[in-house]
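First to last, the sequence lines map onto chains A and B.
Everything in the first sequence is counted per UniProt numbering, starting at 1 for the first residue and increasing by one.
Everything in the second sequence is counted per UniProt numbering, starting at 1 for the first residue and increasing by one.
Because the hints were derived from the structure by calculation, they are not lab data.
None of the hints are false.
Derived lysine-lysine pairs resembling PhoX-like cross-links, with alpha carbons at most 20 Å apart:
1. Lys-558(B) <-> Lys-397(A)
2. Lys-558(B) <-> Lys-390(A)
3. Lys-45(A) <-> Lys-29(A)
4. Lys-558(A) <-> Lys-397(B)
5. Lys-675(B) <-> Lys-675(A)
6. Lys-311(B) <-> Lys-118(B)
7. Lys-654(A) <-> Lys-397(A)
8. Lys-317(B) <-> Lys-123(B)
9. Lys-531(B) <-> Lys-531(A)
10. Lys-760(A) <-> Lys-742(A)
11. Lys-311(B) <-> Lys-123(B)
12. Lys-558(A) <-> Lys-390(B)
13. Lys-572(B) <-> Lys-588(B)
All values reported here derive from a predicted model rather than from experimental measurement.
2 protein chains.
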Amino acid sequence: MESNIVYVPIILAVLGLVFMFIKMSWVKKQDAGDEKMQSISKSIKEGALAFLNAEYRLLLIFSIIASIALFLISQYVDTTHWIIVVAFIIGAIFSALAGNIGMRIATDANARTTEAAKTSLPKALQVSFGGGTVMGLGVAGLAVLGLSLFFLLFVSMFVTGEGNFYEEMTIALEALAGFSLGAESIALFARVGGGIYTKAADVGADLVGKVEAGIPEDDPRNPATIADNVGDNVGDVAGMGADLFGSYVATVLAAMVLGNYLIRDMSATTQFTDAFNGMGPILLPLVIAGVGIVASIIGTFLVNIKDNSAKEPEVQKALDLGNWASIVITLVASWFLIRWMLPETLQMNYFGEGLQEVPSRHVFYACMIGLAVGALISTVTAYYTSLGKKPVLDIVKNSSTGAATNIIAGLAVGMKSTFLSVILFAAAIYGSYALAGFYGVALAASAMMATTAMQLAIDAFGPIADNAGGVAEMSELEDHVRERTDILDSVGNTTAAVGKGFAIASAALTALALFAAYVTFTGIDGINIFKADVLAMLFVGGMIPVIFSALAMESVGKAAMEMVQEVRRQFKEIPGIMEGTGTPDYAKCVDISTKAALKEMILPGLITIITPIIIGLLFGAEPLGGYMAGVCVSGVMWAIFQNNAGGAWDNAKKSFEAGVEINGEMTFKGSDAHKAAVTGDTVGDPFKDTSGPSMNILIKLTCLVGLVIAPILGGHSANTHADKTAKEIRVEMKEAGGDQVKAKITVKTTENGETKTEVKEVTGTDEEVKKEIQKHE
Amino acid sequence: MESNIVYVPIILAVLGLVFMFIKMSWVKKQDAGDEKMQSISKSIKEGALAFLNAEYRLLLIFSIIASIALFLISQYVDTTHWIIVVAFIIGAIFSALAGNIGMRIATDANARTTEAAKTSLPKALQVSFGGGTVMGLGVAGLAVLGLSLFFLLFVSMFVTGEGNFYEEMTIALEALAGFSLGAESIALFARVGGGIYTKAADVGADLVGKVEAGIPEDDPRNPATIADNVGDNVGDVAGMGADLFGSYVATVLAAMVLGNYLIRDMSATTQFTDAFNGMGPILLPLVIAGVGIVASIIGTFLVNIKDNSAKEPEVQKALDLGNWASIVITLVASWFLIRWMLPETLQMNYFGEGLQEVPSRHVFYACMIGLAVGALISTVTAYYTSLGKKPVLDIVKNSSTGAATNIIAGLAVGMKSTFLSVILFAAAIYGSYALAGFYGVALAASAMMATTAMQLAIDAFGPIADNAGGVAEMSELEDHVRERTDILDSVGNTTAAVGKGFAIASAALTALALFAAYVTFTGIDGINIFKADVLAMLFVGGMIPVIFSALAMESVGKAAMEMVQEVRRQFKEIPGIMEGTGTPDYAKCVDISTKAALKEMILPGLITIITPIIIGLLFGAEPLGGYMAGVCVSGVMWAIFQNNAGGAWDNAKKSFEAGVEINGEMTFKGSDAHKAAVTGDTVGDPFKDTSGPSMNILIKLTCLVGLVIAPILGGHSANTHADKTAKEIRVEMKEAGGDQVKAKITVKTTENGETKTEVKEVTGTDEEVKKEIQKHE
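Given only the sequences and the hints, what does the whole structure look like? Please build it.
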């Protein structure tokens, strides 16, 4: 069993994929409703697939260029094998596939959810959540499968047992980083492109349809309405799926790299061995991920309601139950896995403190920190963005004095929400590192991500319900159908906000783990910001998320403007639209959103990928580390700020729909305060759906690019190792009374890229200590 | 001469102060206009002084608490003498005095400028710029005088020549840091309090007066109009004065600390000596500052126009001429001073590269970089915020589709403006460090700040002209008077934007120099963000500017709300205000602004000061360094973003006053697009006048607090030194063909807190190299 453990995650991943297919065929077997509903659903699906296909064509070009670049790197650096190109391509394909599966099922599930809602709310939940489950399992299954298979392949290729284990494994893991890079690159474009698409369509549909023509949301007379619904799918479903696919893969990869580093620390005196072919710490995160898939499947069975007259709280409770069940199962399993797969005592090299003994249960505690912080940050996010809570009510109150005060209040809410999130995040870094070094940090992230399948199922159910409502509206069904889908949609909005908190927390921890892996890959001692070049790059890195956000926001503005003009044109030129006798040209609007999104995603995407390469090549490994840290610090702030401000504005606007009390007066839709709130929501739209979520991928991808080019920078390629030997002796002496001195001798020997550290403390006369020191020469 | 060089800056500072008094009495001698004008001017002055006095009472309490804390530190740490308390108090008093002088002259000069504008524009410029000159010279003179006198005192107290020079000088400079801390603390409260005051009054006056009652700006019927004009003075004059006073002192101090560090590097083998009592590198920045005062005085003579029908460009040209003249004079003088006061070759310790020889002219090149980057960042700022340039026109264009698109465009402009500014700033760090280490960085900042007197004269002239316009309006003078003051005001708006760019650039470079000084004070090796605690604090630091901004913005909101209610109450309850028969209760509005500003400035102020202390004490010197870096990186981004977004919104709104073309149509004041632009401007007000400028002080004060508590953290107090001796030998070996090896031996000895580094390269057989190494034991 132990020596074949790598097959366990493969089996679990396949299990997840099988269950996905069963669920998928179940959803597809459901009644898709009458002809009109099917036709609307088909339009949405076609629009979404048209976008994806156009996107893939563009990404094909990118992938070819990136592959050539990677191939050149592999030719130049001995520790990078050309197989990384294959890993990169498969990573890109898997990521695209994960988004594609999610998108297809989501567009299949929408009309079926509407049809189910005709008769029963529990059934509607089952169908929409079933769609989400398919997506979640697709993402998680493909991620674990891809990682495991490639790991198996690379270990058989590179870890021959002839050379140094750490060195050989590093080559294998560097190749595996290609898989992660492929996945994350596609995620970036999917997120940015999808984000621009969805907001351009949304703003365009709202500004002309709702405001100028005065027709309700999702009205079939609005030419942009199909594009709007397509946008929900390409942004919230495909974008989110690719994002979490990328996080998931990157987290597990970083944990594996740090597991290898742990093995090196533990091999200081004799080579580390265990029952898992000496790879226990490397395989652990992979196995936990596999177990997380099964835990998620079990969790999905718990998500159901019985009462047809249930409201939001019951639906929310059902989702919470499933979520917590899968988390608890994963946690319990981790306890046993850690006991089984890690030695009881680990030796870890802490900075400035040398090798320390760490009991393996500390790794479990680090996992608990990861899960706790993930949950707490999600809670903080929910607090700052939920209906009826103080932050949203503050914005509502400030809407009464106009748009300006509404905007100021919203910005302030977003900014203030960084406080608790960052404190929690800093505590997670501090705590999990103190417990189990950077391996602990990476495992904290892995634990948080282990139930990705479940998280994504909950996330993806929201847009399906949203679309189901759209189908109901466009097909002009009875009111009770829309009421039922609205209940699901409303819960979906809350889960979306919480999901965004989770996505940020996981991206930040992932980036951190990648950052740590980067340092080990380059072989530098650390990243000292007291060096001017490192400090300068810290500032440059801090600027990138700001510029990225600005570009993304402007792109939405430009694309929305085109959409507005097209919708105006159609209203003017196509006769009988408003009377319902003429049919709007939906496809034209879909086309505009598609083209604009693709055009506008290129620049921010290239900035993200090329800047770290330039900095690494021009300035070297340590300044690039400073740049990465700058991107992470600034990116986390701007992600939290933009997501939460956007979410809060959205719900402040929604507060007026049910009516809200301002200074003792009930205020409703259509009031001046409501109009001010609509302005705030429009500002918040690109914040929360385009630039905000893109920050996650920006920080992860920056660190991944760094990781992949690390071998070029660190100069630890095989041919430079051969003749590099260094010995460093550090002696600290203190007087210890009388003529006695107390000396701490640290000897650090580096040979063939492997560093050993010995520490010895001696007390004696000056002469005695000197002799002791000479022994180490 | 050489050995008494310290008296040179004292003499130059006194010269500056004498010239200030001459200019002051000249301004006061001008005709203050008719009774009505004098009464208005008096009301503004009384309101401003009432605010300052209330502020001083509050700051007295703060200063007493801070003094006690400092005294306790001085009792606990041997290298901190209780005299630091005196330095702190005098620093606080000088800063308050600088603000007070500026405020008094500004409020004296406003009506006199109006009176002069009745007859002549050149005269009006002379009076308003004369007022600015008084303020600039007051700030610069007091700063150089205070620093020089305290330095003289502390050198005579602590640098006895008996002990180690570097150690003794460190104690003297640590005491001097108290002066800087006092100045910067007052600056923080002045900036934040003034910023809240001015925007509360402004928004209150605008919302009820302009929007609800439909009366023009500065109309005497508006109860908040005096408060609004007072606000211009307490925010833009006193706040800006205290801010630059703080920057000026902190920059020179940091350069002196790094000068001392340079002396230590150069004393590696034998104690450094020169004609300036062995203090040349320490005194250089002080002398350059003194020369800068004289250069500024010369520059002021060049600021005048001849033609009474001159327009904005001529006025701008006159100011530019004076500004550039003083910069060029300072630069030329620096060339000679550097040649005279520094040895021709400096030895500097670069990280990882050991001691390097640096020609002293490289320090001059670093100064040039400082001046160039200061000018370029100002230009970038001007581009992003000026009328008629693309960024502002973009916002104007986006105003046509409503407030939401205006806001999005403004946010995007602010965000995009970080790009060039940060690249320039990073280049300045990189370049000046490469040229002359951190001493070069500090001298770059010093050179940039040397002409502070001139910069401030140009900055302060704006609000005086603005107020002069207000006096003209309230006194119902003829239109041509207002037209003339409007020309000055308009130029003042541009110089204000440029001045803000300058203030950010200088604050950022100052913070950096302080950061470097901090590392030398604590005696740590560097700040390694690969350590989890340092990284965690980097994130916490990055969050502080965001929270600070949120608090400042909310404070403005709250205070403005109170003001709105008061103005509404007066319109309702005092009969005949609108008809001009009743007199509004101006004092009540002034009082509300004052109280609100003082109440609201406390929390952000305390966060700034207390957080680094807590982090330092809990986590130690290196994590605090991470925190400081986080505050700086994030603070610089948010400062640039907020200042430039605010400035751009302001001018986008102003564009409509003269009419602007949108999509081929001329659009004017009162249009829907203009209303959208007003919303943007209201959002931008707290950005550009409250939270944005506060960032400067936040980053400087954070680093200063760190510097002052450094001795507690670094453990380099005298009694721990005595028994601390460390020797570190680092050997790097490379095969050099045959049996030869090439070894680089680095021996670092630390004795009594002094570190010597010897580097030797040997090539020979293994045996020979071993022998060589043993020699160093």
